[in-house]
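Q: Numbered by this note's numbering, the letters in the sequence shown go through residues 28 to 479 in order.
A few of these clues could be false.
Below, in silico cross-link-like pairs of lysine to aspartate or glutamate (DMTMM-like), each with a Cα-Cα straight-line distance of 25 Å or less [claimed, not checked]:
#: 1; residue 1: Lys365; residue 2: Glu171
#: 2; residue 1: Lys146; residue 2: Glu103
#: 3; residue 1: Lys260; residue 2: Asp273
#: 4; residue 1: Lys356; residue 2: Asp399
#: 5; residue 1: Lys61; residue 2: Glu34
#: 6; residue 1: Lys474; residue 2: Asp406
#: 7; residue 1: Lys58; residue 2: Glu100
#: 8; residue 1: Lys258; residue 2: Glu171
#: 9; residue 1: Lys463; residue 2: Asp399
#: 10; residue 1: Lys47; residue 2: Glu76
#: 11; residue 1: Lys37; residue 2: Glu66
#: 12; residue 1: Lys453; residue 2: Asp273
#: 13; residue 1: Lys453; residue 2: Glu248
#: 14; residue 1: Lys207; residue 2: Glu361
#: 15; residue 1: Lys365; residue 2: Glu459
#: 16; residue 1: Lys170; residue 2: Asp277
#: 17; residue 1: Lys272; residue 2: Glu248
#: 18; residue 1: Lys367; residue 2: Glu357
#: 19; residue 1: Lys439; residue 2: Glu467
#: 20; residue 1: Lys47; residue 2: Glu100
#: 21; residue 1: Lys260; residue 2: Asp277
#: 22; residue 1: Lys463; residue 2: Asp386
#: 23; residue 1: Lys80; residue 2: Glu66
#: 24; residue 1: Lys365; residue 2: Asp386
#: 25; residue 1: Lys127; residue 2: Glu100
#: 26; residue 1: Lys439; residue 2: Glu468
#: 27; residue 1: Lys155; residue 2: Asp235
#: 28; residue 1: Lys474; residue 2: Glu459
#: 29; residue 1: Lys439; residue 2: Glu460
#: 30; residue 1: Lys462; residue 2: Glu387
#: 31; residue 1: Lys356; residue 2: Glu387
#: 32; residue 1: Lys39; residue 2: Asp49
Label pairs and their computed distance ranges (CB to CB) [unchecked claim]:
#: 33; residue 1: Arg304; residue 2: Val46; range: 39 to 45 Å
#: 34; residue 1: Gln373; residue 2: Thr279; range: 44 to 50 Å
#: 35; residue 1: Gly94; residue 2: Ser405; range: 44 to 50 Å
Think of the hints as simulated: they come from the structure by calculation, not from any bench.
All C-beta atoms, glycine included, are put in the ideal place defined by N, C-alpha and C.
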Amino acid sequence: IRQPVIEWAKKKGMFLRRVKADRFLVVLNEKIFKIILEERFEILNHIREGATKLDLAISLSMAFAKGTNDFNELEELANQALELAQNRGGDQVAIKQVGKQTQYYGGTVVANERRNKVKVRVMAQSLKELIVKSSNVIIVGHKEMDFDCMGSALAMSRICSAHHKPSSVVVSGGIETMMKNAFDLHQEHLQSRHTFVSETAAIASLQDQTLVIMMDHHLAEHSNGEQLLHKAKHICVIDHHRRGKDFTFDPTLVYIESWSSSVVELISELMQYMGVRNFLSPIETTIMLTGMMVDTNRFRLKTSSRTYEAAAYLRSLGAEPGDADAFLKESYDEFELKTKVLHHAQYLDYGVVIVPYNDEILPRPLMSMVADRLLGVSDIEASFVIARVSEHQVAISARSRGKFNVQYILEKMGGGGHFTAAAVVKDQISVEELKKQCIEEIQHYIKTGGNT
Numbered sequence: 028i029r030q031p032v033i034e035w036a037k038k039k040g041m042f043l044r045r046v047k048a049d050r051f052l053v054v055l056n057e058k059i060f061k062i063i064l065e066e067r068f069e070i071l072n073h074i075r076e077g078a079t080k081l082d083l084a085i086s087l088s089m090a091f092a093k094g095t096n097d098f099n100e101l102e103e104l105a106n107q108a109l110e111l112a113q114n115r116g117g118d119q120v121a122i123k124q125v126g127k128q129t130q131y132y133g134g135t136v137v138a139n140e141r142r143n144k145v146k147v148r149v150m151a152q153s154l155k156e157l158i159v160k161s162s163n164v165i166i167v168g169h170k171e172m173d174f175d176c177m178g179s180a181l182a183m184s185r186i187c188s189a190h191h192k193p194s195s196v197v198v199s200g201g202i203e204t205m206m207k208n209a210f211d212l213h214q215e216h217l218q219s220r221h222t223f224v225s226e227t228a229a230i231a232s233l234q235d236q237t238l239v240i241m242m243d244h245h246l247a248e249h250s251n252g253e254q255l256l257h258k259a260k261h262i263c264v265i266d267h268h269r270r271g272k273d274f275t276f277d278p279t280l281v282y283i284e285s286w287s288s289s290v291v292e293l294i295s296e297l298m299q300y301m302g303v304r305n306f307l308s309p310i311e312t313t314i315m316l317t318g319m320m321v322d323t324n325r326f327r328l329k330t331s332s333r334t335y336e337a338a339a340y341l342r343s344l345g346a347e348p349g350d351a352d353a354f355l356k357e358s359y360d361e362f363e364l365k366t367k368v369l370h371h372a373q374y375l376d377y378g379v380v381i382v383p384y385n386d387e388i389l390p391r392p393l394m395s396m397v398a399d400r401l402l403g404v405s406d407i408e409a410s411f412v413i414a415r416v417s418e419h420q421v422a423i424s425a426r427s428r429g430k431f432n433v434q435y436i437l438e439k440m441g442g443g444g445h446f447t448a449a450a451v452v453k454d455q456i457s458v459e460e461l462k463k464q465c466i467e468e469i470q471h472y473i474k475t476g477g478n479t
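Turn these sequences into a full structure, and let the hints guide you.
A: See the structure below:
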């Protein structure tokens, strides 16, 4: 990578200095920046193609800061942008301008697995220390908690119990339908081992040494405990979604791995380095395994060797694959509704299918299931399901086999997610209008290859 980057910087008239073995400092003016922006940062493609020829998992991440004459502020902004680019999977550029939202270019390949056992061990030890030093722990998931969110929250609750720390799980933002059915089925068991509270009750229990742990999300507006996050002094973030915005709070510890299949996978690894044994029940581990199955579309997508290792670990703790499969069985009414939605599928170019549905309000989980099901059809590379999710909101649920970065496409529309799974919700718009916007972004992505 080093020589092509040096030659590129020299050719463009940029000042470049190597500051670490894998890091360069670049200084340039606005005129040069506009030129490389118009060229869509061609160096990214050059490095990606070179790595492919050599069969190496190498990528280039770049960050640019602008909008102020304060060099210290520019350095801080550039470092923040570089962290964002790397947390989003690398192979991309992040641009931070004072007073404006971060812009992204590139990110056209699926992130490679980069975490190693040393990093997992360090994170596990850091998390353990935060738990031990805390007075109590409050665990918050995202709104409409699914199996991955709930499963990882249950595991964290039991980790706290194993370290003799009182903990509670905030559930006031709602629970997704299938997860709610599983919860109701085992309600007595779960309520005997965990404390489930509203955000109001959680805020009432907040102390100076309280640790708040965010599971399966990193943005306050997506949280079950948005107000809680703005009041807490110690916050830990554990997530696997690609970062798209700056934090609106000050986290103490951040563990975001966008190349992980699920937060359950991350927690399953952390647990093995935290010195706790026999603290999870078969019901809890089965819910965790179900979360992994959902987020990988039953181990078809976003699955690495580490995913299977985590699944094997959960199985050794008593997780039952048959019970997990039963949690995910749909009712006849759901099957009928999915079939009805699928009849609205429209095939676009390049293996993209879009499904605009306006007959009735749809649950968001059902939309994602329809998008997942479409990927089982030969020659379909990406699917976009568009429907009303409330009287005043329309959503898009998107899935990809890996050739299309659906997260990048929907991020342009105000959404986010993963390379292969993303979503967006819009207020005061029709299904037809959102469909037109979506098609425009898809066509733009195809035309530019995502480098814009």
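Q: Each of the hints needs a verdict: does it hold here or not?
A: Going through the hints against the structure:
1. With a C-alpha separation of about 20 Å, the suggested pairing of Lys365 with Glu171 holds against the 25 Å cut-off.
2. Only pairs whose Cα atoms come within 25 Å are accepted, and Lys146 paired with Glu103 is accepted, the gap being roughly 24 Å.
3. A threshold of 25 Å between alpha carbons decides the hint, and for Lys260 with Asp273 the separation of about 18 Å falls inside it, so the pair holds.
4. Between Lys356 and Asp399 the CA atoms are separated by roughly 15 Å; this keeps the pair inside 25 Å, and the hint holds.
5. Taking the CA atoms of Lys61 and Glu34, the gap is about 18 Å. The hint holds against a cut of 25 Å.
6. Annotation: proposed proximity of Lys474 to Asp406 holds, straight-line Cα distance about 19 Å (limit 25 Å).
7. Between Lys58 and Glu100, the direct Cα distance comes to roughly 21 Å. Compliance with the 25 Å bound is thereby established for this hinted pair.
8. A distance of roughly 22 Å separates the Cα atoms of Lys258 and Glu171; the hinted pair therefore holds under the 25 Å criterion.
9. With a C-alpha separation of about 22 Å, the suggested pairing of Lys463 with Asp399 holds against the 25 Å cut-off.
10. With a C-alpha separation of about 24 Å, the suggested pair Lys47 and Glu76 falls inside the 25 Å cut-off, and the hint holds.
11. A distance of roughly 16 Å separates the Cα atoms of Lys37 and Glu66; the hinted pair therefore holds under the 25 Å criterion.
12. At most 25 Å may separate the alpha-carbon atoms for a hinted pair to count; Lys453 and Asp273 meet this at roughly 21 Å.
13. Our distance criterion of 25 Å between C-alpha atoms is met by Lys453 and Glu248, whose separation comes to about 14 Å.
14. Between the alpha carbons of Lys207 and Glu361 the distance comes to roughly 15 Å, so the proposed pair stays at or under 25 Å and holds.
15. Between the alpha carbons of Lys365 and Glu459 the distance comes to roughly 20 Å, so the proposed pair stays at or under 25 Å and holds.
16. Using a Cα cut-off of 25 Å, the hinted pair Lys170 and Asp277 holds, with the two alpha carbons roughly 21 Å apart.
17. With a CA separation close to 11 Å, the supplied pair Lys272 and Glu248 stays within the 25 Å bound.
18. Between Lys367 and Glu357 the CA atoms are separated by roughly 15 Å; this keeps the pair inside 25 Å, and the hint holds.
19. Only pairs whose Cα atoms come within 25 Å are accepted, and Lys439 paired with Glu467 is accepted, the gap being roughly 11 Å.
20. Of the supplied pair hints, the one linking Lys47 and Glu100 holds, its CA atoms being roughly 20 Å apart against a limit of 25 Å.
21. Of the pairs offered as hints, the one joining Lys260 and Asp277 holds, with about 8 Å between alpha carbons and a cut-off of 25 Å not exceeded.
22. For the suggested pair Lys463 and Asp386, the alpha carbons sit about 18 Å apart, so the restraint of at most 25 Å is met.
23. The suggested pairing of Lys80 with Glu66 holds, with an alpha-carbon distance near 23 Å, which does not exceed 25 Å.
24. With a C-alpha separation of about 12 Å, the suggested pair Lys365 and Asp386 falls inside the 25 Å cut-off, and the hint holds.
25. Distance restraint check for Lys127 and Glu100: the Cα-Cα separation of roughly 14 Å lies within the 25 Å cut-off, and the hinted pair is therefore satisfied.
26. Using a Cα cut-off of 25 Å, the hinted pair Lys439 and Glu468 holds, with the two alpha carbons roughly 8 Å apart.
27. Our distance criterion of 25 Å between C-alpha atoms is met by Lys155 and Asp235, whose separation comes to about 18 Å.
28. Note on Lys474 and Glu459: the hinted pairing holds, with a Cα-Cα distance of about 23 Å set against a maximum of 25 Å.
29. A C-alpha spacing of about 15 Å is found between Lys439 and Glu460, which places the hinted pair at or below 25 Å, so the restraint holds.
30. For a cut-off of 25 Å, the pair hint linking Lys462 to Glu387 stands: about 16 Å separates their Cα positions.
31. Of the pairs offered as hints, the one joining Lys356 and Glu387 holds, with about 23 Å between alpha carbons and a cut-off of 25 Å not exceeded.
32. Under the criterion of a C-alpha separation no larger than 25 Å, the hint pairing Lys39 with Asp49 is consistent with the structure, at around 21 Å.
33. About 44 Å separates the C-beta atoms of Arg304 and Val46, a value consistent with the hinted range of 39 to 45 Å.
34. For the hinted restraint 44 to 50 Å between Gln373 and Thr279, the CB-CB distance of approximately 47 Å keeps it satisfied.
35. Taking the beta carbon of each, Gly94 and Ser405 are about 48 Å apart, inside 44 to 50 Å as hinted.
Violation of the numbered hints given earlier is absent; every hint is satisfied by the structure.
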